[in-house]
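Enquirer: Letter by letter, the chains look like this.
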Amino acid sequence: MSDFITIVLHGLTWGALIALVAVGYTMVYGIIKLINFAHGEFYMTGGFAGMLALLLLCSPGGALEHLPGGAKLLLGLVAAGLAVAALAVLTERIAYRPIRGSGRIAALLTAVGVSLLLQNAAIGVFGSKQTSFPATLDDLHLPRWHVNLDDLREGEVSAYQVSYRAPIRNWKGEVALDAQGKQLGYRNVNLVDAGKPIEKKRLDDARKAKPEELLAYPSITVSLKQIVIFVTLALTALGLYVLVQRTRMGRAMRAVSHDFEAASLMGIATNKIVSFTFFIGGGLAGLGGVLAGGMFIGTVDPMMGFLFGLKAFIAAVLGGIGSIPGALLGGLALGLVEQLAQYYADGLIFKGASAYRDAIAFLILIGVLLLRPSGFFGRFEGEKV
Amino acid sequence: MRGFTGMAGWALTVLLGAAALGTVQGGEEKTYPIGVVVEKSGALENWGRQSESGMKLALEELKGADGIKIELFVEDNKSTPDQSANAFISLAEGKKVLCVIGAVASSNTRAMKEQANKLKLALVTHASTNVQLTKDTEWLYRICWNDAFQGAVCAKFAKDHLKSAKAVIVTDTAQDYSKGLSKSFTDTFKAQGGTIVEELTYQSGDKVFTSQIEKLKNLEADCVFCSGYAAEVALLLKGAREAGYEKPFLGGDGLDDPQFFNIAGATAGTGVFLCNHAHPEDPDPRVQAFVKKYKEKFNEVPGAMSFLGYDAVLAIHDALKRAAAKGEVTRESLRDAIGSIKDLPLVTGKITMGADHEVKKRAIVVECQADKTMKFCSEVKPDDK
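Protein sequences, first through last, are from chains X and L. Every letter in the first sequence is one number past the one before it in the numbering used here, and letter 324, counting from 1, is 324. Here the numbering used here = 1-based position in the second sequence + 385.
Hints may be right or wrong, so weigh each one.
To be verified - Pairs of lysine to any residue residues, derived as SDA-like cross-links and limited to a Cα-Cα distance of at most 25 angstroms, are as follows:
#, chain 1, residue 1, chain 2, residue 2
1, L, Lys-568, X, Ala-121
2, L, Lys-454, L, Glu-437
3, L, Lys-463, X, Ala-121
Claimed, not checked - Restraint-style ranges between C-beta atoms, simulated for each label pair:
#, chain 1, residue 1, chain 2, residue 2, range
4, X, Leu-82, L, Thr-580, 23 to 31 angstroms
5, L, Ala-651, X, Ala-71, 16 to 24 angstroms
6, X, Ile-366, L, Gly-590, 55 to 63 angstroms
7, L, Lys-678, X, Leu-108, 33 to 41 angstroms
8, L, Thr-558, X, Glu-261, 33 to 41 angstroms
9, X, Gly-124, L, Thr-558, 27 to 35 angstroms
10, X, Asp-3, L, Gln-577, 27 to 35 angstroms
11, X, Leu-371, L, Thr-758, 34 to 42 angstroms
For the record, the hints were derived by calculation from the structure and aren't laboratory data. These numbers come from a predicted model, not from an experiment. C-beta atoms are modelled at their ideal positions from N, C-alpha and C, and glycine is treated no differently.
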């Protein structure tokens with residue numbers, strides 16, 4: 001049971017990252033009906049921009065070296081968001097606007113071209129291998145939250161699996177707690193030291209360890225990283241809702257989305273609206289790149305945007321392309337299904353089936369789309385003749 | 386068409402004539418073109434770089450000794466099998482090389498094996514360890530040990546040093562190397578009375594390992610054997626340690642890559658053992674001399690691939706010398722000379738090419754440290770097996 005909850009939480013986190021990128025896809029589509037295949041590369045660029053910002057600003061000897069990890073992360077997020085937003089606006093201005101009247105196929109091919117260009121530029125600059133991301137939140141050493149479902153019973157003494165982590169690996173045992181969570185002592189303490197003989201002194205040291213030197217390992221892990229990702233997604237959703245539904249700019253966006261030419265005739269500066277949409281969409285992809293590359297995975301590489309962008313696109317379609325709540329929900333659903341498939345496919349389908357997690361996730365999505373062709377929130381619009 | 390072949394024939398005659406003239410005028414010293422196909426870009430680019438550096442150092446030291454001057458034509462296979470085959474064909478047809486050295490990854494070498502058989506051009510792999518490579522071929526030779534030996538060494542180490550009775554295997558199903566190594570580890574580990582609790586899988590390029598980690602946490606095992614390459618295993622290790630999983634990790638020579646330490650960071654020092662071809666801190670004077678020269682020239686500590694690249698050039702030089710003593714060096718005569726390498730002292734040990742196209746050398750097991758170095762743990766001679 002606890003592993004199910006962990007995987008669900010994990011799948012939702014992964015889904016939240018997909019959702020952040022999917023929102024940009026869906027917004028751009030909503031405004032100019034362009035499937036921007038370079039969007040995955042905006043996400044990749046975000047990862048690299050965040051990495052560079054952190055390396056430059058927080059490197060040893062730099063002015064910001066001693067900032068807490070959370071502040072560094074925020075800095076990286078802002079820097080990457082702005083850099084990628086600028087890149088997105090620039091891309092639209094240089095590559096998409098000049099051919100806006102030339103039909104959707106031309107626009108689509110241009111988007112693929114931009115995608116390849118950005119990928120290869122990144123390979124040229126950074127090389128094609130994975131580059132590890134400077135640590136940010138790891139520095140905080142936050143205690144893990146621990147809930148051991150199997151052991152928690154009312155009124156009983158519960159035992160938590162603990163490990164002594166000061167010199168990293170050393171002993172493992174259980175700490176007995178009473179119902180109020182007060183520590184009673186340790187039991188079943190064993191040194192785990194990769195086959196080497198155990199010194200008595202170290203065993204005694206471990207037994208005497210203070211509670212704060214212990215990290216209890218939970219059955220369900222909720223990490224700070226997951227919380228940061230969820231909070232970012234929630235703020236994004238809220239911000240977008242306010243922007244689109246409650247501001248003049250949002251009203252203009254909705255108008256442009258509804259009918260580009262009519263909006264233009266009504267005096268809306270459509271080019272400005274398109275640029276603004278790219279700015280927001282690109283910025284969110286940049287945040288996604290930092291959160292995914294920097295925190296969730298820990299490395300960035302030039303090809304990271306390819307499959308991820310595809311997933312974000314599918315999430316947008318699943319939610320109903322053009323719909324912002326749809327993209328958010330589609331992303332969460334896709335991430336969840338994918339991670340559940342990865343975890344359970346080996347046992348439920350056949351051994352080795354977990355390698356087909358993407359295929360399984362996509363199959364389920366095809367099923368959903370067969371039932372609801374326009375996605376969760378998509379409006380079905382009859383073809384205008 | 387006929388005109389073209391006729392012309393090509395003439396051009397070839399003229400070229401060959403010129404080449405013959407060149408060598409006559411060159412006097413005693415003769416230049417032999419040798420091809421190299423290694424991973425100079427892509428996921429495994431560190432190994433290609435290390436291999437090439439080792440080879441360059443060997444060339445520099447040989448300085449055309451014994452009247453044999455080797456000219457290396459190095460091609461990049463971009464870490465993929467199809468590019469490996471292309472590079473091999475281009476070296477065979479375009480550069481008219483006498484034999485080819487490479488590649489590092491077994492899947493890449495396997496792609497070249499078929500071409501080697503077809504074009505009748507010897508392929509000497511300095512680092513691919515998959516057992517199947519040297520089967521059913523007259524043209525592929527290996528100058529390092531194979532995975533049957535490596536797997537056995539790892540299984541023995543797991544039992545004798547890590548005191549493991551139960552192991553989990555983690556396999557990269559996209560790599561021949563990983564599948565073969567997992568199999569040979571399983572065979573020996575079971576033969577010595579151990580149990581394989583579970584085989585977990587992933588595919589090269591995967592970056593999210595939460596599912597595997599969650600499974601690991603729920604399995605009762607004494608150690609984890611990872612037969613894949615550095616980038617993925619490093620991400621798996623890092624994630625597992627962050628989630629509180631502390632059992633020792635054991636891997637093959639596929640982990641000896643600077644990538645591993647860059648991605649794993651401090652978690653590299655948390656009980657990670659690997660089987661390797663050579664060790665820079667080996668007190669053997671020959672190894673120390675090599676390490677010193679390598680450090681001076683390239684300003685870094687040599688990896689296993691540096692040692693093997695260096696040795697590959699020495700082995701080819703030895704074969705060329707013996708082939709040249711018997712007359713004109715052809716692809717066939719060089720192949721035969723490689724097949725009859727006998728008691729040749731190399732940095733990684735003395736080799737004798739067996740009838741099975743394999744050599745026997747010792748293996749070393751080292752423990753990774755958080756400061757990116759490796760500590761010597763044990764040595765296994767081929768006959769100890």
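Enquirer: Flag every earlier hint the structure violates by its number, smallest first.
Expert: Result: hints 1, 4, 6, 7, 8, 11 break, sorted rising.
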